[in-house]
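*Asks:* The lines below spell out each chain.
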Amino acid sequence: MSTVAERPPAPAAPRVNYAARAERRRLVTGLLFISPWIVGFLVFTLGPILVSLYLSFCDYRVLTGPHWVGLGNYRQLAADAYFWRSLGNTAFMFIELPLSIIVGIALAMLLNAGVRGQPAFRTIFYLPAVVPTVASAMLWLWIFNPDIGLANTLLDQAHLPTLGWLVDAATSKPSFIVMDLWAVGGGMIIYLAALQGVPQHLYEAAEIDGANAWQRTWHITLPSISPVIFFMVVTGVIGFFQYFTSAYIMTSPRGGPEHSTLFYALYLFQNAFEYFKMGYACAMAWILFFISLVATLVVFRSSARWVYYEEGR
Amino acid sequence: MKRQQAWKRAVTYAALVGLGLGFAFPFVWMISTSLKFDYQIFPRAGNPFSLNLFPWPMRWENYPRALQTFPFLSYLYNTLYICVFSVIGTVLSCSLAAYGFSRVRWPGRNAVFILVLCTMMIPYQVTLLPVFILFRNLGWIGTFKPLVVPAFFGSAFFIFMLRQFFMTLPGELSDAARIDGCSELGILLRIIAPLAKPALATVALFTFMGAWLDFMGPLVYLNDERLYTLALGLLAFLGRHGADWSGLMAAGTVVVAPIIVIFFVTQRTFIKGIALTGMKG
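Top line first, the protein sequences correspond to chains A and E.
Start counting the first sequence at 1; every next residue gets the next number (my numbering).
Start counting the second sequence at 1001; every next residue gets the next number (my numbering).
Here chain A stands alone, though its shape is the one from the complex (with noise of 0.2 Å):
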């Protein structure tokens, strides 16, 4: 509209009036080739956004319409223990984080410590991770089964004590750690190929001044790692406020022995599609919203700190 309003009355230059039409044509161009993302950004993303924000200030259970409350639900969030639990558990799967990290980096190392059938067992170990959640959580419920399950049965075995699992309150989140590290192989990907980009001359060089394995890993390999480290990382965080489908499949009642697995995700779905509290339940997504942004730009500010981008990238 401007380049319209700014061209002079006068018969224009003929140069400048071509200048205009062509970008407005390519305006006009570009904005229906991303037309499809304008509405979908439009009634799938900002929209529901905005009317999520207003149900957060209301009453809405479905059947009747909504009514405001103001900060009803945030008031009532604040005192309601269940959602303080879920918080903590959800809190609490974060030591995930640093294991998953060093598994995943710990067996991309050993893939590229240029073995023989470096395939066959990439392959091995990225199996699991494209294994859908209900399926891998059905055969963990069996391996955790506390009677004949493969878990005690090889901690029997080994004439260990056995243990409760999933229907303990005490090793139910430690369960899901262990059955989540099983599926490490997708990070482990991403670790491989970033491994297989650190210029070799770098350890050629730290060989030559006498760095042994462990210092070429610690001032080499996993600075120039690091900028996956943190893609992981920030992933890792948003993906862990969002953990859900093995905690709704794999415990009974939902939320595990003593709400012990009561995830925030699992929580907020329970409110919206259990309870019919949708209000209520948006309410639940503005606050994880906000912890995640918060999370996100404290992971981001810490990166200058530890994330080394080569020169002239």
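Hints were generated in silico from the structure; no laboratory data involved.
A quick note: this is a predicted structure, and the numbers were derived from the prediction, not measured.
Backbone N, C-alpha and C define an ideal beta-carbon position, used for all residues, glycine too.
Treat the hints with care, as some may be off.
[Claimed, not checked] What follows is a set of in silico ranges between Cβ atoms, one per label pair, in the way DEER data are often shown: (1) A/212 / E/1064: 57 to 65 Å; (2) A/290 / E/1021: 42 to 50 Å; (3) A/199 / E/1077: 45 to 53 Å; (4) A/162 / E/1110: 57 to 65 Å; (5) E/1186 / A/82: 56 to 64 Å; (6) E/1186 / A/65: 33 to 41 Å; (7) A/160 / E/1021: 32 to 40 Å.
Add chain E to chain A, keeping to what the hints say.
*Replies:* Frame of chain A, contents of chain E only:
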């Protein structure tokens, strides 16, 4: 020095083989259980735990039995239906949008693209409920539409991925085609798309896998048992026959097997694609 190297290799191989066995073990246990009789699963008195990996005799009829309670073929059809249309929708809408964000120069393009990136930061829970209410008002609950239609309106992550790829293609190609009178859509279809085949294949594969593995979407939108996906069907089986471990493991094996086949067939595209997503960091 040489001796030390040999040592190191031995330790590396030992670690790889040990860990490999550990990672493969749950699969072995699943298949082994799927072939057992109940008396081989449930321990006899005095011997509570027994690690019986190779049951004999094998009970092959667990499979037909599991597939009777679990209509595998119709669930497979439903899952494939959702996957195929999601792939078509995502590839179409994302390549169009990526073209608009990379090969056409228009004022405000970068600002809008930043908006695309921002949408990736929004947890799905924030939009889930209003979108659910929207689909409910449209009468789409209990149909495949909520799982398929949004794919036709682009996905931020894949738009980003394709845009990065399209940017690497030389601009002279499009200029030459424009001089020859080719339309922008023609350039995308005849020049860019053929060159971007690997990236498009990655998008297609990831969308397919994403739809195949999706649990939340079908759980929320499909309430009719005839429309269940494999994942939901398996969940229903688990809910109803929770103690029939051999049947459950047979059904699980049948659900996992196609994924493993797909993975082996597409391994190269897959590994490259995953590596690509990480390198963006």
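*Asks:* State for each hint whether it applies.
*Replies:* Going through the hints against the structure:
1. The hinted range of 57 to 65 Å is satisfied by residue 212 of chain A and residue 1064 of chain E, whose Cβ atoms lie roughly 59 Å apart.
2. Under the hint 42 to 50 Å, the C-beta atoms of residue 290 of chain A and residue 1021 of chain E, about 44 Å apart, fit the expected range.
3. Against the hinted window of 45 to 53 Å, the Cβ-Cβ separation of residue 199 of chain A and residue 1077 of chain E comes to about 50 Å, which satisfies the hint.
4. Against the hinted window of 57 to 65 Å, the Cβ-Cβ separation of residue 162 of chain A and residue 1110 of chain E comes to about 59 Å, which satisfies the hint.
5. Roughly 58 Å separates the CB atoms of residue 1186 of chain E and residue 82 of chain A, a value that falls within the hinted 56 to 64 Å.
6. Residue 1186 of chain E and residue 65 of chain A have their C-beta atoms about 50 Å apart, which leaves the hinted 33 to 41 Å range violated.
7. Roughly 19 Å separates the CB atoms of residue 160 of chain A and residue 1021 of chain E, a value that falls outside the hinted 32 to 40 Å.
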